[in-house]
Amino acid sequence: MAHSASPTHSGDGETRRDFLYLAAAGFGAVGTAVAVWPLIDSMNPSAEVLALSSTEVDLAPIEVGQRITVVWRGKPIFVDRRSQEAIDAARAVSVEDLPDPQADEDRVQKAEWLIMIGICTHLGCIPKGQIAGDPRGEFGGWFCPCHGSHYDTAGRIRKGPAPKNLFIPPYEFTADTTIFIG
Amino acid sequence: MSGFKTNNAVIRWIEYRLPIFSFLDDAVGSGYPTPRNLNYWWNFGSLAGLALVIMMLTGIMLAMQYTPHVIFAFDSVERIMRDVNSGWLLRYIHMNGGSFFFIVVYIHIFRGLYYGSYKAPRELLWILGVVILLLMMATAFMGYVLPWGQMSFWGATVITNLFSAIPLIGESIVTWLWGGFAVDNPTLNRFYALHYLLPFVIVGAVVLHIWALHRFGSSNPLGIEANGPQDKIPFHPYYTAKDAFGVGVFLVLFAAIVFFAPNLFGEPDNYIPANPLSTPAHIVPEWYFLPYYAILRAIPDKLLGVVAMFGSILILFVLPWIDRSPVRSAKFRPIYKQFFWIFLADCIVLGYIGAKPPEGVFLIVGRLATAYYFLHFFIIFVLSYVERPRPLPSSIGEAVLKGGGAPPAAMAREKAQ
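Those protein sequence lines, which keep their order, are chains A and B.
First residue of the first sequence? That's 1 in our numbering, and the numbers climb one at a time after it.
First residue of the second sequence? That's 1 in our numbering, and the numbers climb one at a time after it.
Each hint should be verified, as a subset may be incorrect.
Distance condition first, Cα-Cα at most 25 Å in a straight line; then the derived SDA-like pairs of lysine to any residue [to be verified]:
| hint | chain 1 | residue 1 | chain 2 | residue 2 |
| --- | --- | --- | --- | --- |
| 1 | A | Lys75 | B | Gly179 |
| 2 | B | Lys356 | A | Pro145 |
| 3 | A | Lys128 | B | Phe377 |
| 4 | A | Lys159 | B | Gly179 |
| 5 | A | Lys75 | A | Asp134 |
Now the stretches of chain B that chain A is said to cover, found in silico as 3 or more residues with beta-carbon under 8 Å [unchecked claim]:
| hint | region |
| --- | --- |
| 6 | 113 to 123 |
| 7 | 170 to 184 |
Calculated from the structure, these hints are not laboratory results.
Fair warning: this is a prediction, and the values are worked out from it, not measured in the lab.
Quick reminder that beta carbons are idealized off the backbone N, C-alpha and C, glycines included.
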């Protein structure tokens, strides 16, 4: 064995040594990656952060036309009990002309209740429009003051730098006026 | 190689076993020959080093009083301001020290741009400088988050969200950076750890920067290589004295801000505790980030905006290969000199626009200024082929002794001889 691995041995000995170098380096690289992964993964959300991942909301006290904000996973969730005019405005738009085409029907489970993550899809600011007197933008929905994104009454991006509509969180109606987010 | 000599027996004993005195003498002492014609723009390298030391000293003292937790962070900073002995002074020095560090470094960078200091054989020296700038920006950003005021929180949110522009894996990266689903306690904790770590990484990069500097020595206002002893003077005492004078001026200005206008560079909103459910009407980054912020906002597409913002700094890495003119100093490049000043003005315009809301005339000016920022590098690429430089002097010594404006250090040397 030692004889064939000797560097003074010319010809076939060289390819064996090359193989040994490659195998050792490859094994070392894989081993390092395996060792480094726990370090990187430790920065991902921990178990107790993941445990706080659902919220239940009682919708009964909300009036027509009223908007409230609840917190889910540390993020604001916009709950909007839309008036008939707001629903009609959202459904009158031709879907193909939108920057992020999506029909209003695909964004709600019940037309009256619009439930969205209240974080601008541009750089994460919270759009204005939840409180009476807030600017609601040119389309009557929400307006992000940070970089000027306008959202319509279905929370769809209409104007400004945001690339996507406001995201819809996973939720279900557990009763007529109760939702479970998460 | 060192001509270090001493009569002190203790120093000789140490020097024999650990040649640290000759090392220092060669680095910043009489054993380091330096071009005789350096002007005051060459003071800013040592000033940057001083600023780094001030930041690290005050930072370590502040770390002993600060609590990195979302509930306690804001109050612990207020406690430093009110209850800790000299806490207000430490914090104001650290807060404004960041601004002064950037002022000094930006002047240092524009010095390099004007005098072509980035050209061969000093490309790596320049690249290491850009690395230091990036490390400084990361450190400053994370430090600004620690007081956990409104600007801290929303600045952190906006900047970390930049990474969500990366296709496919962007969202996972942002969740990983946050350690959660929003900027929260895990984010504050890791930013604190990294804010403490990165200055030491900067020190490492500075050592490499100075090492690369000493390979060929400082460039100089004429941009021609020093040819021999008649072109150079020892770093000590000539430039140690000149740097010390610069330190005095720097400290006067720094003290004026720390004691008389400590919140001049700050945002009042950062004295409001962070509220994750309410974004301030105007999110403004610290002044030293405004030009990049203007570039980010000038471009209506999210991904391209982020790419342009990072690109505006990354392009500096390849500057030594964009500007192909063999003449370094703008003194001998009449057209380049004009474009240098236009570029500087453009950067200042970008900084002004970055502080304004992105609408109306500000948006238009911001877009034009962003376009020009990148156009500048194309212009100087073309310029390096078409421009006719003025004739260069044959040596530093000749230019200094003939020209009217001999720098004081050189005059002193003439008298001494």
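Hint check:
The hinted pair formed by lysine 75 of chain A and glycine 179 of chain B meets the criterion: a straight-line CA distance of about 14 Å does not exceed 25 Å. Under the criterion of a C-alpha separation no larger than 25 Å, the hint pairing lysine 356 of chain B with proline 145 of chain A is consistent with the structure, at around 12 Å. The straight-line distance between the Cα atoms of lysine 128 of chain A and phenylalanine 377 of chain B is roughly 40 Å, outside the 25 Å bound, and the hint therefore fails. Taken as a hint, the lysine 159 of chain A and glycine 179 of chain B pair is broken in the structure, with Cα atoms around 31 Å apart against an allowance of 25 Å.
Straight-line distance between C-alpha atoms of lysine 75 of chain A and aspartate 134 of chain A comes to about 20 Å, which keeps the hinted pair within the 25 Å bound. Beta-carbon proximity to chain A at under 8 Å applies to 0 residues in the region 113 to 123 of chain B; the threshold of 3 is not reached and the given coverage is violated. Check result for the region 170 to 184 of chain B against chain A: holds, 9 residues qualifying (beta carbon to beta carbon below 8 Å, three or more required).
The structure fails to meet hints 3, 4 and 6 from the earlier list, while all remaining hints are met.
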